[in-house]
Structures are given as structure tokens and as C-alpha cells.
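**Q** Please model the entire structure based on the sequences and the hints provided.
As a plain string of letters, each chain reads:
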Amino acid sequence: MFGGTVRGKTTTLRVPRDTDLDAHRRWAADMRVRRAGPIGRWHEPAASETWKEGWTEQAKDKTSVLWSIDAGDARDQPVGYIRIRFEGAPHSDKVLLDQFVIDPDRSGLGYGWDAALTLHRWIFDYMHLRMAVVDRIAADDVGRQRILEKLGHERFGHGHRVYYRDGAYVDQYLYQMELEAWDDRWSGEREYPPLGDEKAV
Amino acid sequence: MFGPRLDGTNGVSLRTPTLEDHKTFVHWTLEPEATRFWGGRIADIRDEAFAERHTKDAESQNSVTWSIAFENETVGFTGLFDIDWVSRDAESGIFIGRHDLYGRGIASETIRLRTAFAWRELGLLRVHNWISLRNRGSRRANEKAGYRQMGLMKRYAFRSGQWYDDWQGEVFSPDIPAGTFVPPSTGG
Numbered sequence: 001m002f003g004g005t006v007r008g009k010t011t012t013l014r015v016p017r018d019t020d021l022d023a024h025r026r027w028a029a030d031m032r033v034r035r036a037g038p039i040g041r042w043h044e045p046a047a048s049e050t051w052k053e054g055w056t057e058q059a060k061d062k063t064s065v066l067w068s069i070d071a072g073d074a075r076d077q078p079v080g081y082i083r084i085r086f087e088g089a090p091h092s093d094k095v096l097l098d099q100f101v102i103d104p105d106r107s108g109l110g111y112g113w114d115a116a117l118t119l120h121r122w123i124f125d126y127m128h129l130r131m132a133v134v135d136r137i138a139a140d141d142v143g144r145q146r147i148l149e150k151l152g153h154e155r156f157g158h159g160h161r162v163y164y165r166d167g168a169y170v171d172q173y174l175y176q177m178e179l180e181a182w183d184d185r186w187s188g189e190r191e192y193p194p195l196g197d198e199k200a201v
Numbered sequence: 202m203f204g205p206r207l208d209g210t211n212g213v214s215l216r217t218p219t220l221e222d223h224k225t226f227v228h229w230t231l232e233p234e235a236t237r238f239w240g241g242r243i244a245d246i247r248d249e250a251f252a253e254r255h256t257k258d259a260e261s262q263n264s265v266t267w268s269i270a271f272e273n274e275t276v277g278f279t280g281l282f283d284i285d286w287v288s289r290d291a292e293s294g295i296f297i298g299r300h301d302l303y304g305r306g307i308a309s310e311t312i313r314l315r316t317a318f319a320w321r322e323l324g325l326l327r328v329h330n331w332i333s334l335r336n337r338g339s340r341r342a343n344e345k346a347g348y349r350q351m352g353l354m355k356r357y358a359f360r361s362g363q364w365y366d367d368w369q370g371e372v373f374s375p376d377i378p379a380g381t382f383v384p385p386s387t388g389g
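So the protein sequences, as listed, match chains G and P. Using our numbering, the letters of the first sequence correspond one by one to residues 1 to 201. Using our numbering, the letters of the second sequence correspond one by one to residues 202 to 389.
Everything labelled a hint here was simulated from the structure, so no lab data went into it. Don't take every hint at face value.
To be verified - Computed spacing ranges between beta-carbons, pair by pair: (1) P:E292 - G:D166: 19 to 27 Å; (2) P:N263 - G:D93: 25 to 33 Å; (3) G:E191 - P:R321: 33 to 41 Å; (4) P:Q363 - G:T19: 43 to 51 Å.
C-beta atoms are modelled at their ideal positions from N, C-alpha and C, and glycine is treated no differently.
**A** See the structure below:
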């Protein structure tokens, strides 16, 4: 499935468009993005037709959701993308953050943090799901670790020598965040303002 | 892909799954005696769905699946999934559908055969899995084969009035190369 509009402060999660495919093709072939491991490798570099087929499959897949990330100063290209999977679908109360990529040429501008906060607002405030899980963070990926820990994720696992790249193995960290942690830390983050009492006539 | 026949001890062997095996597997996942630590006991049981899934497993390039046989009778299934051929890592799983045979060492022998195959035939360097912490039998069988805890997810699932935590384990090939390791960051 494709995700609808969720607005953050500096980024917006929005429905992917065909014109976003160029950016995906570029990211899939960018070693700076691929270095993150599985969370930055949705697909291998591929021909245009293969990308279109993958896009069609994503649109049909009811166990995952893909958003493009727009930023206010972007022109017609997304600054990244997010993909989640419903863990244990179709009776799922957890989401797994499968892909989380910010264009490396636009990194350091806070887009990653804002998009992650916006996504978690959708997960907990709008969808009221029980848990968000990330099981694919490279142990030297300080940027994503900082974002997750600032959100309130707790590290619950440490896999050893999991990802091979750049001639060496790197460990893996696993994170989880429950609805209660969101409510404790981000109770002011609401998709809609509260409604007043309404009495039935 | 499907795995080849591997003969173990105590009457246990791993066999190439048949379509009939596949149908039996799915029906087991719908029975309460075998699914306390499994999924939601729901499945697509149309004949075409069985055939489609069986073909998909056969054609998969990043998984290996087997039927488990005990004294020549199919009693469950196992496999290595999500194989990362670059990092030489995979996730493992096992399901014994014949609950009347629990406690007979079938899982332990299955995991031993499967793990040896991962190292000796596939050249994998690491296998990991997720097991309900309360599923003591499965956890012990994996620990016997060398799996060690690498994580514990709190409140993974809620069933029959109780929270179930989930245990994450990993096991390494004796051939894992030394000296090619990036140390973790000191903090996020």
C-alpha cells in the first residue's frame, strides 16, 4: 500500500508518485545509503521496468506501507522515503520500520528526525498501534540510533557480526517503543486538536 | 529452494517437502495444541493457495525449507529464511505439528541437522531466530545447538490473559573469520 499525507513541522509524508522513481533508483545505487544495511536497501540497483514492477507490487501489498518524504524547500523530488511492515499481519498490533532513508545530499538538516516523529505520530496517535519495532540498525549507525532513542525507543537486542560491508562485519541493534512510551513523552503530539464534549440531542 | 534429505539420529530426518506435506503443515497451524506460541490460527486453505505457496517456497532463492520426518512420518517443518548471501546470515524456524511427539528430542535433532547444513553446505556464518521466551522446549532445543541469547523483546504478544516476551538467539559458524569487525558506537 501507499501511505497518505501526514504532516510534520519540516517534512511531509505523502503518497509516492511515479516521478519519485528516479530518486529511488539513485538511492539504491548510492553506497552512502546502502552502507546503512537493510534499512537503506529496499531494492538492488535495477532497470527502469523492474522498478515500475516493484512499485506496482508495493501498491498491492497489504502488509506494508510506503511513503515519500517531502521537505518544504524541496522542488519536485522527495528527500527520502519510509516503509513500514505490519508485523504479524493481518492481525497486527505492531509495525516494523523496514526502510528509513534520507537523501545523503540532504542529510544533517533535521529531516530524518522530523519524518521519524511524524511517522510515530501516525503509528501511535492516529492508528493507536501498540508497538513500533526496528530490528535492523547497524551498530555504527549513530544517526538513526540518536533519532530512535530521542523518540523513546529502547534497545532490546544486540546481534553480533550481522552485516557485512566495506570489508568488515558490523553488529546490529534492535529497538522497540510501546504506546505507553509515546503517551508519556509525546502527549502533546496530536494529529487533531481535541474535540469538546458533545451531547446527543 | 527446498532442502535435500538429511538423515539424523533417533529416527529423525529432514526431507524435501511435498505439496501434501505443505497442506498438512498449514492444517497443523490451525490447531490449538500446536499454536500456543504460533500465529493467529488463520490461513488460506484453498488448493490453489497451497500450490502457490509450495511453488513460491521451491523457487525462493533466499530460503531453504524441509519437512521433518520421525520414523519416516512427516511431523513438522523447518527452514532457513531471509538468507543474506552477502552477510552470510539467515533466520531459522521450526514447527512440530504432532504435539503428541513433544519431548522426544525431534526438535533438537532437527536443529542440529539444519545448523550443520547452514555451515557445511551453504557457507553461512550466522543464524538467528525469534522464539517465545515461554516456549521452553524450543528454546532449549536451539540452545543445545549453540544458540545464545542476543535480545529479549518485552510484551511481544498477548495470549490467554498473559504477556509473552520474545527471546532472540544467534549462533555462529566455527569458521567465522576473525579480525574483520567494526566496533559498535559508544552510544546513540
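**Q** It remains to establish, for every hint, whether it holds in the given structure.
**A** Evaluation of the provided hints:
{"no.": "1", "hint": "P:E292 - G:D166: 19 to 27 Å", "in the structure": "holds, 23 Å"}
{"no.": "2", "hint": "P:N263 - G:D93: 25 to 33 Å", "in the structure": "holds, 27 Å"}
{"no.": "3", "hint": "G:E191 - P:R321: 33 to 41 Å", "in the structure": "violated, 53 Å"}
{"no.": "4", "hint": "P:Q363 - G:T19: 43 to 51 Å", "in the structure": "holds, 49 Å"}
Hint 3 from the earlier list is the only one contradicted by this structure; the remaining hints agree with it.
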